[in-house]
Amino acid sequence: MFAPMLTLGAYQAALYIHQRSGSLLLQPVIVTLLLVIAALWLLQIDYDQYRQAANPIALLLGPATVALAVPLYLQRHRIGQLLWPIMLTLLFGGALIIFLTLLLAWLFGAEWVTLMSLAPKSVTMPIAMLLSEQIGGNPALTAALVMLTGVVGTVMAPSLLRLAGVDSPVARGFTLGMNAHAIGTAYAVQEGGESAAFAALAMSLMGVFTALVLPWVM
Amino acid sequence: MALQVLGSIISFLILPWLPGPIIGMLLLVIGLVLLGGVPDSLERTAAVLLKYLPLLLVVPASGIVLSHQQLAQDALPIAGALVGSLLVAIPVCGRLLQWLVRRQEAR
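These protein sequences, in sequence, are chains A and B. Quick note on my numbering: the first sequence kicks off at 120 and runs consecutively. Quick note on my numbering: the second sequence kicks off at 1031 and runs consecutively.
Okay, chain B solo, but in the shape it has when bound (with noise of 0.2 angstroms):
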């Protein structure tokens, strides 16, 4: 049961904009909200995915190393780029998002 629903997801998977696993992703969200429920065996299977989740990425981030030469030739833009973004977006995002949904709540 659980596989079928998945099977049927993943056959929607073909439509061309977004990616096909979002595109997937949302139709479930929406088929689950037409059922009103998760499903007992669709909610085991989901949870083992999940568990596993950082495994599944290790494969495709692992092509990191098909680029080293284009990253090396620009290595200190792209690092400074990075990690600066990262280290100012980080924090304002937390703060922001907290600050709002706490004000919202207090109201």
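Chain A extracted, bound-state conformation (with noise of 0.2 angstroms):
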């Protein structure tokens, strides 16, 4: 029972610092997942433990993934009328992302199993698992990574996206599926409609992308 409270409580805690603070670095998700992490923390909580008892929590997911259709649904019409330009920057900026990655990694002197197990890092977990399981990283890292990057990209890219000045909500909802995957679309979803339309669509695409073009790269 303490584990759903847990969970519960710190997104409320986090709403309420949401609501009070105004400030875009922090967002629900991050103070929510930030509470939990040092609870679990301080209170010496096993993690297998907190999830096995946080399981309801997590059996929803499944579900609110499926009801993304929704507003998928809804901008059918948009997404068909900008078919090209989504293809252009999934296929520009899908190499880009993945192009970026290895180079800074390997840059930076990164082992070749954390190299590959970065590669997938902007892909919906399940997908960027397998895909780090067929290129010889480590599935494990991997999930974490692609936690890591869906949590970062989503505390950057709202001051990155009024920087480069972009304000239409198809792009924005686009960028943010598409490096920040879940995490990003859930931010997404908050800015309304077409934003979280477009940015379920580009969580999917860019696991397709990837899926596709790692394994052949590699």
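No lab work stands behind these hints: they were computed from the structure. A few of these clues could be false.
Covered by chain A, according to a simulated footprint, are these stretches of chain B (three or more residues, beta-carbon under 8 angstroms) [to be verified]:
{"hint": "1", "segment": "1072-1084"}
{"hint": "2", "segment": "1093-1102"}
{"hint": "3", "segment": "1106-1119"}
{"hint": "4", "segment": "1125-1132"}
Please read all numbers here as calculations on a predicted model, not as lab measurements. For each residue, glycine too, the CB sits at the ideal point set by N, CA and C.
Put the complex together from the two separate chains, hints included.
What follows is the structure, given as structure tokens:
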């Protein structure tokens, strides 16, 4: 009973902090996550135990992902109209993300296994773990890196997008979904229906794109 | 009704290649196109689920704690690659798509 209460309590606290501060850095997902990790660490709770106890919450994640179909459906005409811009951004942006990740990690002297575990970092977790295994990475490390990417990307995205002058909901949502998968999409959902639909679309397309490209390049 | 729709979609999730929820999402889009609209009950259920999406992600995400040793081992390259690629890719993707969308709409 404790784990769900801890998670929900942390979420309530995060929402409160978010409303009071209005700061972009203190997004509810990230604050909740930090509070939960801090509590697990302070109270010396084993993650596996927490995970099992919090399972009722985690079980809803599948249906919630499926529920993204509703904004996608409502925006279907807009998506159809913008098919070419979307595909070009996916091809160019997707290749850029993978290339930069590998190049920078290599320049900083990462080991091969780390390199291969980093490659699928912007992809939603289940696909990323399969890919990591396929190209010789460490799936557990990839899972952590994917989560980290989602969190860091979601923290960085709002200010970067503002600095770059990106105000179209289509471009904001798509960028969030491409770079920060589910966590970015969760943030895009708060921005509105159009942003949510393009984030969900980007998350799915980026998964498929990386799954096709990565094993072929490596 | 909404739960039924969701339930039948979850049962599809056993397909092995892409992750189940993504297949479920695609199937539901196809289902809605065939249906020609979003049933009221489904729309309400989806709105509630999406509202709490950030909360739901916290449980798997806190699994980061399991890998802190591996992360610490290669901390510099990981931090460099992660922050560096996001720093470049986020503005580039955003600008590119916004520019392409506006160009198409101007025509």
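Verification of the hints:
no.: 1; hint: 1072-1084; verdict: holds (count 11)
no.: 2; hint: 1093-1102; verdict: holds (count 7)
no.: 3; hint: 1106-1119; verdict: holds (count 13)
no.: 4; hint: 1125-1132; verdict: holds (count 7)
Of the numbered hints stated above, none is contradicted by the structure.
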